[in-house]
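*Asks:* From just these sequences and the hints, can you work out the full model?
Residue numbers (the numbering used here), protein chains in the order written: chain A, 943 to 1277; chain B, 3 to 302.
Hints are computed from structural coordinates only; laboratory data are not their basis. Each residue gets a CB set at the ideal place from its N, CA and C atoms; glycine is no exception. Don't take every hint at face value.
Said to hold, decoys possible - Taking CB as the label site, the calculated pair distances span:
id, chain 1, residue 1, chain 2, residue 2, range
1, A, Leu1222, B, Asn199, 41 to 47 Å
2, B, Leu143, A, Asp1082, 47 to 53 Å
3, B, Asp130, A, Phe977, 31 to 37 Å
4, A, Phe1143, B, Leu291, 52 to 58 Å
5, A, Lys972, B, Val202, 54 to 60 Å
6, B, Ser227, A, Leu1222, 58 to 64 Å
7, B, Val202, A, Tyr1101, 58 to 64 Å
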Amino acid sequence: MGRSSLARDVLLAIVVFAVLAALPYFIPGKGFTDFVVRLAAFAIFATSLNLLVGYGGMESFGHGLYFGLGCYSFVLIMKNFDASIPVAFLLTVLLSVVVGAVVGSICVNLNETYFAFLTLAFQMLLHSLIIAWTPITGGDQGLTGIPKPPFLGMRLDDYYHLYLFASGLMVASLLVMYHLVQSPFGYTLRMIRDNAARAPFLGISVFRVRLMAYVIAGAFGSIGGIVMSLFATGAFPDFAYWTISGEAIFMIMLGGITVFLGPLVGTIMLLLLNDVVTKLTSHYGLVLGTIILLFALGLRKGLMDFLADMWRDRKRSTPAPLPTGAPAVSAKAGE
Amino acid sequence: MDLGALGNCLISPSCVVTQTTSGLIIGLLLFLVAAGVSLIFGVLKVVNFAHGSFYMLGAYFAWTAYQVTGSYLVAVLAGGIGVAVFGVVFERLLMSRVYGSAVLMQLLVCYGVILILDDVVKLVWGADFLSFGMPSAFQQLPYVFAGGVVPVFYLFLIVVTLVIAGLLGLLITRTRYGKIVRAAAVNPSMVSALGINTGVVYASVFVLGGLLAGLAGGLAAPVRSLTAGMGTSIVVESFIVTVIGGMGSVAGALVGSILVGLVRSFGTIGFPLFTEGLMFLLMAVVLVLKPSGLFGKRGV
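*Replies:* And the structure:
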């Protein structure tokens, strides 16, 4: 995976977006567009989590903090301040950057187990706050019905417009994140993942790079939350519950953490599985649980990781590329 | 938030007695689960998210045994032993295959097992709440201390869980088995070089953890309603306890559990909607001030 040129990727992104924009004309019905809007929310969210897990080796159990924060902040701003959608969007991302900076500076230097649990603790604090602060957040009922004033000719209460908005955001977010992980910053992050003790020898502040990654991942996570709140036209406590983090972890583990598009593939797989399994059987847990076990014990890695390794093995005659492999379990050096 | 109610409770002896005993019950039952989580993490460095399902299975096994035999003692033992057996099967069949994998892969296996068990419980025992009923031996007039009412069963639970905690402490600190377990936690390859089968040690830790969680499920059954998914909240609390007390420390798990139990029982009066938040706040404060936990050693 070499450095790719920005122009080529932007062009590719535009083509992908054009195809996505045209698809509803071939696949009529609200089912498809609804699926893609949900996909956009979770694909942005899962890919942002993978910035931490796959590229930074930082296993966060509490990334749902930003999903929930994105939902609630966006809905609250829209409901209470009569703001336009772009303004509410920017304010929400800004808020999650601030929260990310505070939470991140407390968490990122802890060793991996404690990082996992402290991030979870912060997420559950938000969830508890949402449940407890009923006058503002609606408590366990959540907030329903957000105004969607038109902007730039977009009327988001129209399902096709929402579809365009969501898929455009998905393509743009993935493009930005892809360039981020291909940038020198992305490679610094990988270095810290692989050997956090060695990086300071090169004058790198491990804390600063990890914090930056954490803040960026949080900002994109909140964008996922915004898309979700637009889809659900509201914000609900479940969006901030720890199961949301669990689902994102699940998505990236299903799809793979070493390939950039792994989380996207995992999101598609999980959403499809959810829809198909709930339609076919009432024993959702039994079927999904069995599939998870088959994956975790049989493949032992995500689908894209598996395919990438197969591809690598096939052309072994060429010098093996640097393993952009999963964070080694023992890579706890430096703590 | 109702600080007035909390203040009123704290100056009334009867309220303090009632809330303290119910906090102790919550905490001590939680301890039995959390001790298993802490042991398994301490020895195997595996985060067993399925431990709450062990507790759930214990309660259901006990329910069935109680229906068949009518004896509460048999029911509790059936819960403990049944889950101990389940623990070893779970470890050998599933967890032992992912010991070397990333933490998230282990988490995924546990998540799969949780989903499956919740559904299996619904299939076998039904989706409705089951109630165990108070065993007849405990259907007596409650004791009254300083105006606070304490059911006999609560006293029984406190005594039994404290005895189990004491036995567990002795097992870990005073016996040959405990020594091997502690050694395996620090340096498993050296332990196996000394001719001890670490695979058996690992499996035995799951047996012990399963036994404790199963006993907790059986003991708790008369005062809880049984439902699929009843393990979720207790496993989250167990992790809070483990983090507060320090991973791998049994004494830490005891102190952490009682702390969480008291926070919950007094919190429901002062902050009925924010009790869960209080527990996570407690955990965050401990993690920030002393990342290794109250009783943990550095660098765990």
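*Asks:* Each of the hints needs a verdict: does it hold here or not?
*Replies:* For each hint, the structure was consulted:
Here the CB-CB span from Leu1222/A to Asn199/B is close to 44 Å, well matched to the stated 41 to 47 Å. Separation of Leu143/B from Asp1082/A is about 38 Å and departs from the stated range, judged on CB atoms against 47 to 53 Å. A hinted range of 31 to 37 Å for the beta carbons of Asp130/B and Phe977/A is consistent with their spacing of about 34 Å. Under the hint 52 to 58 Å, the C-beta atoms of Phe1143/A and Leu291/B, about 31 Å apart, miss the expected range.
Checked against the hint of 54 to 60 Å, the C-beta distance between Lys972/A and Val202/B comes to roughly 57 Å, which is consistent with it. A beta carbon spacing of about 31 Å between Ser227/B and Leu1222/A contradicts the range 58 to 64 Å that was offered as a hint. For the pair Val202/B and Tyr1101/A, the supplied restraint of 58 to 64 Å holds, since their beta-carbon distance comes to about 60 Å.
Comparing the model with each earlier hint shows violations of hints 2, 4 and 6; every other hint is respected.
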